[in-house]
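J.: All chains, full assembly: derive it from the sequences and hints.
There are 4 protein chains.
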Amino acid sequence: MQFEKSDRGTKYAELLQAFMDEEIYPAEPVYAQQMRDSGDPHFYPPVLDELKKEAKARGLWNLFSPHPETGPGLTNLEYAPLAEIMGRSLHLAPEATNCGAPDTGNMEVLTLFGTDEHKEKWLRPLLDGEIRSAFAMTEPAVASSDATNIQMRMERDGDDYILNGRKWWTSNALHRNCKVLIVMGKTDPSAESYRQQSMMVVPIDTPGVTIVRSLPIFGYQDREGHAEVLFENVRVPATALLANEGDGFLISQSRLGPGRIHHCMRSIGAAERALDLMIDRAKSRSTFGAPLADRANIQDWIAESRVEIEMVRLLTMKAAWLMDTVGNKHARVEIAAIKVAAPSMALKVIDRAIQVHGGGGLSDDFPLAEMFAQQRTLRFADGPDEVHKRVIARQEMRRRDKANA
Amino acid sequence: MQFEKSDRGTKYAELLQAFMDEEIYPAEPVYAQQMRDSGDPHFYPPVLDELKKEAKARGLWNLFSPHPETGPGLTNLEYAPLAEIMGRSLHLAPEATNCGAPDTGNMEVLTLFGTDEHKEKWLRPLLDGEIRSAFAMTEPAVASSDATNIQMRMERDGDDYILNGRKWWTSNALHRNCKVLIVMGKTDPSAESYRQQSMMVVPIDTPGVTIVRSLPIFGYQDREGHAEVLFENVRVPATALLANEGDGFLISQSRLGPGRIHHCMRSIGAAERALDLMIDRAKSRSTFGAPLADRANIQDWIAESRVEIEMVRLLTMKAAWLMDTVGNKHARVEIAAIKVAAPSMALKVIDRAIQVHGGGGLSDDFPLAEMFAQQRTLRFADGPDEVHKRVIARQEMRRRDKANA
Amino acid sequence: MQFEKSDRGTKYAELLQAFMDEEIYPAEPVYAQQMRDSGDPHFYPPVLDELKKEAKARGLWNLFSPHPETGPGLTNLEYAPLAEIMGRSLHLAPEATNCGAPDTGNMEVLTLFGTDEHKEKWLRPLLDGEIRSAFAMTEPAVASSDATNIQMRMERDGDDYILNGRKWWTSNALHRNCKVLIVMGKTDPSAESYRQQSMMVVPIDTPGVTIVRSLPIFGYQDREGHAEVLFENVRVPATALLANEGDGFLISQSRLGPGRIHHCMRSIGAAERALDLMIDRAKSRSTFGAPLADRANIQDWIAESRVEIEMVRLLTMKAAWLMDTVGNKHARVEIAAIKVAAPSMALKVIDRAIQVHGGGGLSDDFPLAEMFAQQRTLRFADGPDEVHKRVIARQEMRRRDKANA
Amino acid sequence: MQFEKSDRGTKYAELLQAFMDEEIYPAEPVYAQQMRDSGDPHFYPPVLDELKKEAKARGLWNLFSPHPETGPGLTNLEYAPLAEIMGRSLHLAPEATNCGAPDTGNMEVLTLFGTDEHKEKWLRPLLDGEIRSAFAMTEPAVASSDATNIQMRMERDGDDYILNGRKWWTSNALHRNCKVLIVMGKTDPSAESYRQQSMMVVPIDTPGVTIVRSLPIFGYQDREGHAEVLFENVRVPATALLANEGDGFLISQSRLGPGRIHHCMRSIGAAERALDLMIDRAKSRSTFGAPLADRANIQDWIAESRVEIEMVRLLTMKAAWLMDTVGNKHARVEIAAIKVAAPSMALKVIDRAIQVHGGGGLSDDFPLAEMFAQQRTLRFADGPDEVHKRVIARQEMRRRDKANA
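Residue numbers (our numbering), protein chains in the order written: chain A, 223 to 627; chain B, 223 to 627; chain C, 223 to 627; chain D, 223 to 627.
Quick caveat, the hints were computed from the structure, so don't treat them as lab data. Treat each hint with caution, since some may be false.
Note that the list lumps identical chains together, so a pair holds whenever it fits in one copy or between two copies.
Listed below are the simulated DSS-like cross-link pairs for lysine-lysine, each with C-alpha atoms no more than 30 Å apart in a straight line [said to hold, decoys possible]:
#  : residue 1 : residue 2
1  : K505      : K551
2  : K341      : K505
3  : K227      : K551
4  : K624      : K227
5  : K274      : K341
6  : K624      : K505
7  : K624      : K401
8  : K624      : K570
9  : K233      : K343
10 : K278      : K401
11 : K505      : K275
12 : K233      : K624
13 : K551      : K274
14 : K343      : K401
15 : K343      : K275
T.: Below, the structure is given as structure tokens:
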């Protein structure tokens, strides 16, 4: 294992840190004001375009992409610490650097499986930050962590496919710039379990596509939106297909690995920010004659938070390193492990920080409550913790079977 | 210990249950629709007035009040199970029966310490459900769990007092019917620690009182509002004083006991509803060939939830029984104990229910996320868990000192 | 629910407390010395006979028995607080008052299902404290929490049965006074699942019965022993049968309810003693200029311990009350619940006490490590926690099925 | 960070693994039999000498020592995985390779601070495995985690020092080959807090040194013993002093870093073995028609154990790497962190394994109960968790002070 930062990794970390200090943090109150003034939770505030321009100028663009033709071509291990830094300012940093989910996963999928037309029409503007995209997989009527449950039908009709179904948690679909959806459905419900699914590229303005509503998370309406989307006789040309019929499940697996690293490192960044806030608050508030920071229970929370953050960071770095060296497939257990470990850890740290803040911690005077809400979603996104634990347990049992054979 | 339901207790439980089944639950979607249609989080939806009328007609009014002249005059032990039932529908049941916080505490304080004028002007319409009230104690600038930290000044000026200070988490202040605030401040900062504070009755429209904003909780704007309130040279007559100068802390203590029982029993009601939702969802969703309800980890969650709920309920009943039999003062440890135990338990149960619901659990398709937010506030309200644990620990140490003496 | 102590309950609690203070606690060091001097972990120290004599003289004998002809005939609710008091001195108090497991369960089984001969030969001397007994159910080769797994064969041969099998965790079998075993086996492996088992009364000196060894718990050899017992062609007369062939499972269920109350209340007594030790130690040791008792993390442990103990006590009282009023069968969920809740709680409290004691807490200078070991066994005895959670979960699901029907 | 195994590290890991498979594991039942046959918990079984001879022959000797003249001279990072492997067989592997605590720490202290005479007389035979040693620091009368509490006096008397005091948890003092103690005491109680202590080399047969008793741990008498040692007017020459008067605290700090790595990696080895046992048992036992391994709660335990082990391993590797690259002092937080994280993790994993084993898990049929007992001591050894959390919290607060300055 080798977690040493490369020269390139160090350079980008410094550049990104400077961008955070000089641009992102100062922009946070501006962003908050522009959002408030708009009265629209899905408003696209102008400060974002300024930040994007500045990020591009600084060479901090498409940092996530492993492909040198579209960005610096960083490895997962090089990108991971950058994702952590971005995680400290989740509303601004990922989008400003064109590193936000689910666009990153969509861009990767289009790069690997898209036709030339897809690349020209959707991938290029996505890489340029001109448009945004969404990924429609989860469905309201079934437990979507089991891909065989998917109900959306994609029926061949001459040179077209006709899509019918209902999706939800289609994140980003309410982003003002969202132009295209990547959609998972079933082309052949009679095929074997993991060959029933296909993935297609569907322009958001295709007739029959209706954004029904935006789902709140706790009481938050995220700017990018988590949409319920109805597909009624949506007709797309056969060229909408990514790879072949029946490849949908495989494609969905391919996007998971890097996405998990990004999510988990951002969770760590959020936890670090929460820990900073916890400490600062504990030092500034006194009860019964002493600052909270002097009390042993608060000190325990601080110490436990530090230890837990550090352990999850190392685990995530290991997963990234494995992906770089032996490939996503052999990093399967580690990728499942960080999915379980990172959001739970972040929730614990943030919850402690909220408790130290008293009522303020639940309000919007501090970013903590919203951070909690965001992290809580990650215990389901890409499948609930329980599914990932099952993957790990089965792998462990196979390991013992082999050892005992 | 005697937790047996009295005949009267049984009768009111049955009456209330019928009211829930026949009126409250059917009104929930109506309420949600009226709130949504209004576009105003602090809207007062007409369905509430209908429910209040109906509750009065059924004799389900002021159930909380121990005073026979204002309601059925139930004991704490008799009222506790009613509060639990109300907790299953927090937006409607407490207000419909005129049993909502902080009005209940305020009515009790006015009953015990109010002047005849206070009673005529504020207590009577509160008891009739014509107006509502708020309680202004917590301040943004200090850790308010230590009452000696309070900064609001109440300076005598001839026949008046002049109030200056800033409060927050003044719950109910944005309720459309809120007419009066009970305010805690310092009349004599040089007195001994727990004689510096006084409490006053302040009409919400007194010049100098400004409702600055309503604080959100996890993105939710509660209908009744949690207000930041600015007091700038607010002049009130000396008759605004409750009891005497320096009695503020004592009065605040007196309202705590019953309020905690109410809160904790409502938390239990919320947890019960979450458990029901958890089970129903687990039975209706399948992954990998089996309903979630068949999996041993989900079954563990269900069982642990049942055990934890039951234990907290018994502890709360014991605290209620102690208050009825030996008085709030001798129930001090139990009152602190339920404050620590109930919201934490409810949060655990609700969080498991959310996890079983997947993404839906965080949205407003189910009441779970909002229930989580409400319960989370209770780990601070009336002081954070840590202050209550300190009370319990000190009492335990005194117990051992005595035993070892 | 009615947990009020009856006059009789109060009287016995006072008598027992006096016995503890005047006899049991002073006897603890004597007992320890006699055991050490003997060099034999299964020694029967003379101090016990003195304590038994004294207990009898004080009328503190067979307190556990609900049958007036054999003791005071206390209800479960009356006996529960007595079991808690005994739990504070586990080596002495239960045996001194003839209230130790598994004799209590065995006496109850013999009372309900024994023949006249059984009663004359075994029950009477057990009730008199002249002999002791063991219960042989668990087997080393299978997961015994599922009674259908039992492998011991009990084959009819003329007027006899022939027993073959291996048992372990046959507690009490190494007690110097143990004379008889109650044994669970299968008379008809082809019957339906819960009619295959029978129970028989087997004198410990029957040819073919071999006490193979005594199993340690952590490093402790308990005085009464947890035996591995081999049954090789053990021939017993048909009259050894309790009730009828196939009644074994039913009989085993009948002994569980009261036994759990006893165990759980003793766990609570142990936890109370650990909490006392924790507080006393925390007050007597200082680091970095302050007693441990002044630190907020230790205070949190004290407070949490108090709250957790109290909640489990109430739950156990409720289970006892239910057994008294509606019968063991309708108290099924509560009996499962206390089985899960009490040992886990006691382990938590004792572990905290150990931590406050430093290294000493793991040694035999304090009773804590041994208390931990004893409590840890209770997470398996009568079936592991997981089996009991399953019972509770299934009951909860039935409850919802009914509500939703 | 760089955790990649060096060629040398890989070579030694392979050599050690072969030694485990070919010699250590097969020797485990031999060892157990020799110990049982001896009837003496402090017996030195002959199999150990054979293993030591074999280990030496294989070049697996003094692997812990960073000094090339006394062993392979491995870095902390190279040695860490070897300590983990040894941790799988704690009774045999560390001693067989001359890598057992507290000798390793004592050898390091003698190497760094010993006089030529100390090295000739004690260090050489220790390095050769001819004798063993103990470290006497903890005292029964005070909380020894605060070094200023130490009460042992070391008074200068002419060319000698006279030692008076009482120590306990002097591990290894009952080892048959233990010849020398390194003792911490106060030469100058009036000096500043961390200059009062000195360390001296005291032959175990010095007049006035009495091994009072061996302290049990959860009923276990460890072979090497945890002694209470009385020092009554023990006269040693002034040359017994390590370094200078007042250097005792500094010396004690210097031994801590590597010792913690060793302990923590061994804890991880123990946890790995427990996890293997848990899985194997879960696959081999069935209840209610399915192997335990098929149940989702057991699978969760397996998965959580894997994730927790992996995270602690990475954290320990990081601490080792930091010690190698920037020195113990700059690895201070990480060294405190692993001390908190590793034993707690191992206890959790072992406890789950015990639960899956049922009663057997607490007996000596499996190594689990003893592993639990050993790991539990590590939550105090070198100071309780709470002291280490305090160190981490204070460092975190300094970090924020700097950031906010």
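J.: Looking at the structure, which of the earlier hints fail to hold?
T.: 2, 7, 9, 11 and 13
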